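First to last, the protein sequences are chains A and B.
Okay, so the first sequence: first residue is 3 according to our numbering, each after it adds one.
Okay, so the second sequence: first residue is 172 according to our numbering, each after it adds one.
Keep in mind the hints are simulated off the structure, nothing from the lab.
These numbers were taken from a predicted model, which means no experiment stands behind them.
Hints are supplied without guarantee of correctness; some may be wrong.
[Said to hold, decoys possible] The following label-pair restraints were derived from C-beta to C-beta distances:
(1) T232/B - P8/A: 43 to 49 Å
(2) N256/B - K47/A: 25 to 31 Å
(3) L6/A - Y198/B: 35 to 41 Å
(4) L382/B - R46/A: 32 to 38 Å
(5) Y198/B - K47/A: 49 to 55 Å
Glycine included, each C-beta is placed from N, C-alpha and C at the ideal position.
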Amino acid sequence: MPQLNPEFFVTQLFWLVVTFSFLLVFLWRISLPRIGNVLEKRERKINEDLTAAKELQSEAENIQDKIENQLKQARSDASELIKSSSASLQDKAQIEISKLEKELDNKINDSSEKIEKSKNESLNQIQAQINEITKLTLSKITSFEVTDDEIKNAVKNSERSLN
Amino acid sequence: MAAKGEKHSPLEQFEIIPFTKTEIAGYDISFTNSSLSMIITVAVITLFLTLTVNTRSLVPTRMQLISELMYNFVAQLLSDTVGDNGKKYFPFVFSLFMFVLIGNMVGMIPYQFTFTSHIIVTFALASVVFIGVTILGFVNHGIKFFTFFYIPGVPFYMHPLLIPIEVISYLSRPISLSVRLFANMLAGHTLLKVFAGFVVAMPFFTGALPLVFIVALTGLEILIAFLQAYVFAILTCLYINDAYHLH
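With the hints as extra help, turn the sequences into a complete structure.
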């Protein structure tokens with residue numbers, strides 16, 4: 003077996019030491035720190051991104067909470083506004099209605115007064131005509147000279163008995 | 172039968188061919204196919220790990236991802252076995268893992284020499300681990316490191332038996348570590364060449380059968396190449412852990 007031939011032991015050991023030492027020093031000083039740096043940098047970047055993402059998420063949650071609160075506020079405000087405005091509208095309507103009623107009442111009163119007045123006038127006229135007619139009739143039928151006052155009283159009396 | 176008639180032996184691939192004849196202070200340091208293979212391995216590792224991470228992009232390219240996966244793989248291995256103490260040894264364990272892994276992989280390329288199939292190379296690597304770990308054990312625990320061979324909770328009359336066993340198993344660590352890698356690579360490559368010999372020796376149609384085997388075995392060998400590098404690295408980690416935590 004060529005492996006057991008000591009002739010080449012020294013040269014193999016020599017070249018092994020040379021190449022392996024070079025490899026060890028090169029990797030130790032140059033290659034491994036580079037790869038290590040890259041890995042470390044990446045890990046740091048990932049961690050930073052993760053914390054940034056977490057912060058953003060909590061921020062977003064805060065904003066969402068705020069939006070929800072504002073929406074709730076807006077809803078309650080709107081319902082309040084509707085309630086109050088409908089109440090004030092009702093009040094206004096009430097006022098208008100009562101005003102109208104008052105006016106109508108006044109008009110009714112006026113009209114009834116007018117009616118009363120004209121009725122009285124008419125009654126007085128009728129009274130006067132009755133008196134006139136009675137006087138004329140008496141004067142035609144009889145020869146009694148009657149005064150206006152007497153006729154008036156007589157008519158009143160008869161009216162009273164009628165009533 | 173016919174395979175024996177061929178001029179090529181399945182072990183011929185492990186022959187070391189010197190390209191130059193160099194000596195320093197009487198020691199032979201000729202540049203050989205083994206040295207070339209080591210240089211290719213180191214070049215592949217350093218170039219790959221440098222070029223792929225060159226952009227240092229936050230979002231990795233596919234190639235950068237491979238480098239990062241290797242980094243994380245070994246880092247995970249070390250932290251799982253040794254814990255926080257292991258960070259100091261990361262460059263060494265990583266270099267060892269990559270050197271063995273790429274060395275095995277380069278050996279899978281046809282006509283490429285596999286330096287991990289030479290016991291002297293694997294034994295040297297294992298010795299570095301063994302000596303380093305032993306020094307580490309003495310630095311961490313001083314003379315108390317010898318209690319490593321004393322297993323607590325065992326009946327006292329067992330100790331005369333167990334302590335020598337523990338010492339022997341500790342001392343045979345570099346041997347088991349190096350022979351495991353060496354034997355795996357040797358056996359795999361030899362098997363491939365034996366089957367390749369069958370392909371040539373057998374008549375036309377039957378020769379296809381060993382060829383299929385070669386394809387399957389090549390896949391297996393790639394798996395073993397990775398597995399042995401992994402085993403080498405994880406045992407190194409375990410030995411480092413032992414140097415920190417005695418039983």
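Do the hints match the structure? See the list:
At roughly 47 Å, the beta-carbon separation of T232/B and P8/A lies within the given 43 to 49 Å, and the hint holds. Judged by the Cβ atoms, the range 25 to 31 Å given for N256/B and K47/A holds: they are separated by roughly 29 Å. A beta carbon spacing of about 20 Å between L6/A and Y198/B contradicts the range 35 to 41 Å that was offered as a hint. At about 53 Å, the beta-carbon gap between L382/B and R46/A misses the expected band of 32 to 38 Å.
Taking 49 to 55 Å as the suggested C-beta distance range, the pair Y198/B and K47/A conforms, at roughly 52 Å.
Violation of the numbered hints given earlier is confined to hints 3, 4; the remaining hints are satisfied by the structure.
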